[in-house]
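Protein chains: 2
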Amino acid sequence: MRNIKLIIQYDGSRYSGWQRRPGDERTIQYKLENVISRMLDTNIEIIGAGRTDRGVHAMMQTANFHIPESAVTFTCGEMLEYINAHLPSDIAVISVSEADERFHARFNCISKTYVYRIDNRRVQDVFQSRFRTHIQEKLDVAAMKKAIKYFEGEHDFTSFTSLKSKNKSAVRTIYSAEIDYMEEDSFIDIRFCGNGFLYNMVRIISGTLIEIGLHKREVEGVPGIFSAKERAVAGYTAPPEGLVLEKTEY
Amino acid sequence: MRNIKLIIQYDGSRYSGWQRRPGDERTIQYKLENVISRMLDTNIEIIGAGRTDRGVHAMMQTANFHIPESAVTFTCGEMLEYINAHLPSDIAVISVSEADERFHARFNCISKTYVYRIDNRRVQDVFQSRFRTHIQEKLDVAAMKKAIKYFEGEHDFTSFTSLKSKNKSAVRTIYSAEIDYMEEDSFIDIRFCGNGFLYNMVRIISGTLIEIGLHKREVEGVPGIFSAKERAVAGYTAPPEGLVLEKTEY
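Protein chains in written order, with my numbering: chain A, -5 to 244; chain B, -5 to 244.
No wet-lab data here; the hints were simulated from the structure. Be aware that one or more of the hints could be misleading.
Here are the in silico distance ranges between beta carbons for each label pair [said to hold, decoys possible]: (1) A:S7 x B:E72: 52 to 58 Å; (2) B:R8 x A:N189: 37 to 43 Å; (3) B:R15 x A:I41: 55 to 61 Å; (4) B:R8 x A:S10: 16 to 22 Å.
For glycine and all other residues, C-beta sits at the position ideal for the given N, C-alpha and C.
With the hints as constraints, model all of the structure from the sequences given.
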């Protein structure tokens, strides 16, 4: 078997998320599988590194799929051309390569970086409206920078996910959590690199940080949110358009 | 009468252009007039500096409208808030100010700058697909840079417009015409500053330059296109998504 690795970018605005599900043709996975299956004339299932939600974007999603050696003579370059020629303009495969037989896009992923992007101008930048969440009221970035430090390291993120499972651990490690403030543009990037992320975790942490930036909650309240292990005590779920899967590492 | 000046930005992707026309609610002018007329409870007509076409964007469109002194107590700041709160997220008014009684957004405009933006990557940048025209084949930027110099100065642009009028002059002056090549991103910006532009003029000049960049025509062929005074001898009309009205000056 050949094991093919893809690096994918998408503007998630028009899609209901990465993951394929019955009766929904508006998923990224479906769009890719559909094109690749037609190209190879056989049903292909692809494995993605991260399951981005409805409306969430990716600058670097990684995926892989297997094809029988005998069946296919396409080179990686030919696959890249074919796939992009048949995908809509808001999804693109930027790299196709041969991977080791055992390579698995989800299990082998050692870290992912998500960025939550905010437009903090008084008047929204119309060219960024699909990619940044507009917060009109001036955010206290210094307070947000203090608060984000509480999220680094290994924690139980039960309070920061909207899907609870009694059997599964909510312990994850955030290797780095940083805020980049582009003062001239009034843009704020909240960036998390970690070994894994729970459902809605980045959006709930970002919503909590936004509430801190709006002085609706205290910087010092963050440890209490962790210890409560209760979704309701954390901040709101920031909207999906600001979220981007920026990097997947192996 | 108060004369109110607006500076407007829009992502033109979803619109049929700037100019209002009967039965079409998908024009930028209609959207603005509709919101402003509701705000002031009277029918308002606005005057725009430039009539951008279907799908064309603006980073700085200027417009003005008159309102009876007596009827209105809104400050400029209040109008800015109201208008933006009621516009869709792809149109924004970034400035509202009081103008001299005689200020006219179209007649007083001394220069406009249009940029035609190209994504010259092998695989399209999905986040720029609404704002840059994707040309997959590598363009010869050096040839385009030579060719663009022919467009500077005063010329009869009859060959570079798709709407001919026997009675109106096609003579326009281009103050500067430049190509900015962002090598790292494979992005190319073709920028024209001039005293006026004919219908489709920037898109036909850009299409001609793209054909030169693809070696489908010669740099030295440009003077012959001017002298032919015939639309058919110029290049194709490059698609609207790459075009932006960048600046309007008074």
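Could you tell me whether the CB distance from R15 (chain B) to I41 (chain A) stays inside 55 to 61 Å? violated, 50 Å
- prompt: Cβ-Cβ distance between R8 (chain B) and S10 (chain A): within 16 to 22 Å?
  reply: Holds - the Cβ-Cβ distance for R8 (chain B) and S10 (chain A), about 20 Å, lies within 16 to 22 Å.
**Asked** Can the suggested window of 52 to 58 Å be confirmed for the beta-carbon pair S7 (chain A) and E72 (chain B)?
**Response** violated, 32 Å
Range first: 37 to 43 Å. Now tell me if the beta carbons of R8 (chain B) and N189 (chain A) are that far apart. holds, 40 Å
Of the numbered hints given earlier, the model fails hints 1 and 3; all others are met.
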